[in-house]
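Student: Listed below are the residues making up each chain.
There are 2 protein chains.
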Amino acid sequence: MRPKNLEKEEAIRTIALQIIAEEGLENLTMQKLAKAANISPRTIYIKYDNKEDLLVTLYIEEVLGAYEQAVLKDFRFDMNFAEGVKKLWLNGFAYFKNNRHAFALMQYGKSSPLLNKAYQAKNIKQGDYFGAVIRFLEYHAAAGTIRNFHQDIQRALLFSPLIDLMSEYFDYQERPEQIITEETLLQCCDVVIKGMLK
Amino acid sequence: MRPKNLEKEEAIRTIALQIIAEEGLENLTMQKLAKAANISPRTIYIKYDNKEDLLVTLYIEEVLGAYEQAVLKDFRFDMNFAEGVKKLWLNGFAYFKNNRHAFALMQYGKSSPLLNKAYQAKNIKQGDYFGAVIRFLEYHAAAGTIRNFHQDIQRALLFSPLIDLMSEYFDYQERPEQIITEETLLQCCDVVIKGMLK
DNA sequence: CAATAATAAGTAAATATTTATTTACTTACA
DNA sequence: TGTAAGTAAATAAATATTTACTTATTATTG
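Same order as they appear, the protein sequences are chains A and B. Per our numbering, residue 40 is the first one in the first sequence, and the count goes up by one each step. Per our numbering, residue 40 is the first one in the second sequence, and the count goes up by one each step.
Because the hints were derived from the structure by calculation, they are not lab data. A hint or two may mislead.
It does not matter which identical chain is used: a pair holds within one copy or between any two.
[Stated by the list, open to error] With a straight-line Cα cutoff of 27 angstroms, these simulated BS3-like cross-link-like pairs (lysine-lysine) come out:
id, residue 1, residue 2
1, Lys47, Lys126
2, Lys237, Lys47
3, Lys71, Lys86
4, Lys126, Lys237
5, Lys156, Lys233
6, Lys112, Lys233
7, Lys43, Lys74
8, Lys86, Lys149
9, Lys47, Lys90
10, Lys237, Lys149
11, Lys126, Lys112
12, Lys90, Lys149
13, Lys126, Lys156
14, Lys47, Lys71
Make the full structure from the sequences, and use the hints.
Tutor: Okay, structure coming up:
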């Protein structure tokens with residue numbers, strides 16, 4: 040049996056992400072992807088059932104998998120609140136800085152019903168990844184360090200500014216000067232922490 | 040000369056927004072829109088140059104126009120910081136609660152390059168709308184009420200949690216109980232304000 | 001003041017492309 | 001040498017946009 044060419048599998052994923060990030064999800068076509076990856080359209084269908092499967096798989100692996108794993112690096116639920124939040128923010132910043140394409144795909148996940156479905160399907164298992172963050176928040180709410188909001192509300196307060204600042208970071212990458220540095224990011228992180236502490 | 044049928048113009052806009060919100064931007068086709076609005080595809084082209092023009096116009100009017108106007112209702116740049124922020128948040132909450140479709144389109148603006156372009160094109164004039172918010176932030180930074188971050192950073196800290204909470208609001212509308220009420224929203228607003236105050 | 005001409009609004013159906021996916025074949029390796 | 005991996009080209013459906021025609025109104029004319 041002829042073995043799979045792993046380079047081609049990799050090319051499909053990398054180039055799909057690239058097209059999505061640079062031209063938008065709406066401009067990713069199977070034929071364009073095949074041409075850019077120097078393969079036949081058929082080859083994509085050997086590895087994925089169809090376009091939806093490709094996109095959902097990409098989303099789950101790059102956004103719900105790799106990102107969440109990167110964010111939780113060296114993080115423990117029983118960390119000091121300020122330390123923990125800073126760790127999460129810096130991990131996220133580092134990951135996205137090097138994975139601009141994954142960031143673009145994540146943004147699509149917030150609007151596209153297709154990817155949204157994938158998110159909800161994965162949400163059950165996601166407790167395993169983000170479990171540490173959930174426990175972290177519960178732990179500090181119980182200890183009285185922070186207010187006892189619903190978990191989804193805590194997440195919004197804690198991470199939405201980071202995502203928005205990340206957007207700004209990429210916007211400013213195409214301008215003369217960058218306003219989002221690790222320093223300003225940590226200052227923003229302090230603002231968020233200060234707001235949440237009781 | 041036969042006059043324009045304003046109901047048809049209205050139908051195009053309303054139904055386009057509806058399809059985008061319910062099925063996604065990627066599933067809006069000119070033919071589907073025409074059929075749903077009970078008109079000929081040609082009629083859309085009388086009112087808009089092409090699909091891009093339709094989407095960009097929709098985005099500018101519904102997201103960059105109506106929304107920003109609603110947010111700034113009864114807002115003045117020299118308001119007390121906490122009062123001003125609460126006003127902006129409550130205005131935004133009230134608007135989106137009644138304009139779910141506009142919210143969906145706004146979310147697409149963050150990912151789709153097409154709408155992103157529209158945003159940048161409008162950004163120059165946007166100073167006129169959001170000018171009051173910019174002046175508000177400058178005013179309070181100068182007065183020492185808040186830290187002196189870059190305007191885009193202030194905006195991220197101030198509004199991204201609201202947008203995220205709004206997303207949660209719509210998510211929870213399809214579940215048994217709603218976690219985002221005006222009360223919890225104001226509590227979150229207090230968290231943000233507390234974080235930003237020096 | 002009625003009849004009507006001028007004209008943009010509107011329609012139904014067609015067109016030329018583009019698209020996801022498949023068919024029929026070839027290739028490389030265990 | 002059997003077999004899944006891979007290719008080039010085909011296909012059928014969908015899509016944005018156009019063509020060729022019809023309709024409803026207004027402003028003018030007789």
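Student: What are the numbers of the hints the structure violates, in ascending order?
Tutor: 1, 2, 5, 10 and 13
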